[in-house]
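*Asks:* With the hints as constraints, model all of the structure from the sequences given.
Chains as they are written, first to last, in the working numbering: chain R, 1 to 192; chain X, 1001 to 1455.
FYI, nobody ran anything at the bench for these hints, they're computed from the structure. Incorrect hints may appear among the rest.
[Claimed, not checked] Computed Cβ-Cβ distance ranges for the label pairs, DEER-style:
# : chain 1 : residue 1 : chain 2 : residue 2 : range
1 : X       : 1255      : R       : 79        : 34 to 44 Å
2 : X       : 1208      : R       : 128       : 52 to 62 Å
3 : R       : 128       : X       : 1045      : 21 to 31 Å
4 : X       : 1430      : R       : 75        : 48 to 58 Å
5 : R       : 75        : X       : 1127      : 34 to 44 Å
Please read these numbers as outputs of a predicted model, since none were measured by experiment. Positions of the beta carbon are idealized from the N, C-alpha and C atoms, including for glycine.
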Amino acid sequence: MEKEPQLVLNFLLNDLVDCIYLLPIGNIAKEMLCFLPKKIEMRFDYSSEILEKIGIPERAFDLKRNQYSSTQILRNILEFTPENALKIIGLISVDLYIPVLTFVFGQAQLNGKAAVVSIHRLRQEYYGLPPNNRILLKRLGKEVIHELGHTFGMVHCWDTRCVMHFSNSIREIDVKEDKFCESCSKILLSKL
Amino acid sequence: MKEKPRILVVDDELIIRQSLSDWLAESGYEVEAVEDGFKAIGEVKKKKWDLLLVDLKMQGMDGIDVMREAKRISKELPVVIITGYPTVDSAVQAMKEGAYDYIVKPFNPEEIDLVIRNIIAHQNLVKENIYLRQELKRRYQFKDIIGKSRKMQEVLVLVKTVAKSNSTVLIQGESGTGKELIARAIHSTSPRSKCPFVAVSCAALPETLLESELFGHEKGAFTNAISLRKGKFELADKGTLFLDEVGDMSQNTQADLLRVLEEREFRRIGGSELIKVDVRVISATNKELEKLVKEEKFREDLYYRLNVVCIQVPPLRERREDIPLLVEHFLTKYSIENKKGIEFIDEDALRLLMRYNWPGNVRELENVIERAVVVAKKDFIGPDELPPSVKGKPKEVLKSSVADHNLSLQEIEKRHISQVLEATNWNIKEAANILKIDRTTLYNKIKKYKLTKPA
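*Replies:* Structure, rendered in structure tokens:
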């Protein structure tokens, strides 16, 4: 079946216009993803789209730590980055680490193109609590904006309510909001 | 602008160096990473660091050796030992040798973040403590206002009276007469004495910097404004703000200052929030503000705002009877500071000091005594320890400048300053020392005579 004219136009435009892509890695429920493009567009003022999922790269798995190297995952994400991608953020359900830390909620290339967020420790179940999708989505939204913020060169902010505040514990994620504080908004504006 | 805290990572594993550096950079720290102890020591010698993160097991110098050597160079430098092979013995040894902490790789992000934040906060406290100690030392110098002359006694009575009130004070006097000392004395005897005394030199900063200095700026307000910075008005809240060389303020800044004085509120540069402050303003100048008002270089309304109470500090030549007392005071001060047992000044030397005109006022006298104490080889100061300018060889000193009898006094001053600047290769500090004037005054003179550094 032939594509409708508007769809063809959208397709062509997407090839030309800078876009922030979401890349599901492994099995990620659709409901986890569908709210994110709108949130990203609202915060960064760029269009955002979800790409086809890719498999979890097994070479990133560390048998001793029983975790996946987020640095390795970032490299993998870059291999699947479309040409018109301004930024790309991978979403993964497994636990991530960097060599010096016991875990990370996500990782980004500071001032770079790619970022990744893990859902593993954002779930209530990880902390022995009953599942709660509303809380999980809130946390995921904040972490996606936070890591994308790093790709735009934003560093951590001391304002506990700013989305760029440190994400070293689930408490810190829950306390902060999913938006930039006034100062960070100004800085972001100058970087966009 | 506040600098980013600087962290040096020392680890022989590339992957650890990279991931730790990247992670710390995301938090806004300035990070450098080196692979061995020798390079680390080189870095410690070269630059100032706020924290060293050192791996315990490395080839050549191990972490403990690096820490020992680094602390020998910079005693206060905090060091955190990191290791992938923890043992009780190594932990005990590290702490005994002075490590701030001992952390096991891989780190819990919350734990390492807390350790680093605590260290940086501690470092900031140390810096603040040093600043406060210096302030306290200066504050006690109220006793440095010495003078039994009638003119100085009148000034001191006025100081004590105005200290109790909340009025704005304008201190006028030549350079070196001790205007800041008077301002500090007012503050330290006022009900605001437990709150900060914040001094700003209006002459030392260009217009835009002065505005940011006075009112602060928001993060991102302009290029390089990477973090929010409180201005002196905010820092001086509930205390006293001392505006030195207020006559050098630009018209724009004068207007902003007037608004704050009238409304007691302002906005940081780039900010929208109105900030209310309770600040007493004491200003000082060596210029005739009234004349500047007539020339329309200084706002009349601001002049009246600042000049609620005016204190005129007399030049030293108008209170010569205070010289022996001041000499005795500085002699004791510098004798102690230089660990010298100078007991007295002989009559001939004192006569020379009494005869000299003291264009640099008390500051010049203090410098002369300090120099005399340093060079003295006996237990007293004689004429030999005094500089030629004081010993009264003016003809020789100004020979080159006064050779032409048609020159005005201003022209002589201009030429002399120019010669001194040339001789010191435009080293402002050195030139100011030779001229026995403070740097701010020298900058003012350079501006006034339009002197420029040769390319």
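*Asks:* Next step is simple, just say for each hint if it's right about the structure.
*Replies:* Here is what the structure says about each hint:
Between residue 1255/X and residue 79/R the beta carbon distance is about 59 Å. The supplied range of 34 to 44 Å is therefore violated. Between residue 1208/X and residue 128/R the CB atoms are about 56 Å apart, so this pair conforms to the stated range of 52 to 62 Å. Taken as a hint, the range 21 to 31 Å is violated for the pair residue 128/R and residue 1045/X, whose Cβ atoms sit roughly 51 Å apart. Separation of residue 1430/X from residue 75/R is about 56 Å and conforms to the stated range, judged on CB atoms against 48 to 58 Å.
Between residue 75/R and residue 1127/X the Cβ separation comes to about 41 Å, which falls inside the hinted range of 34 to 44 Å.
Violation of the numbered hints given earlier is confined to hints 1, 3; the remaining hints are satisfied by the structure.
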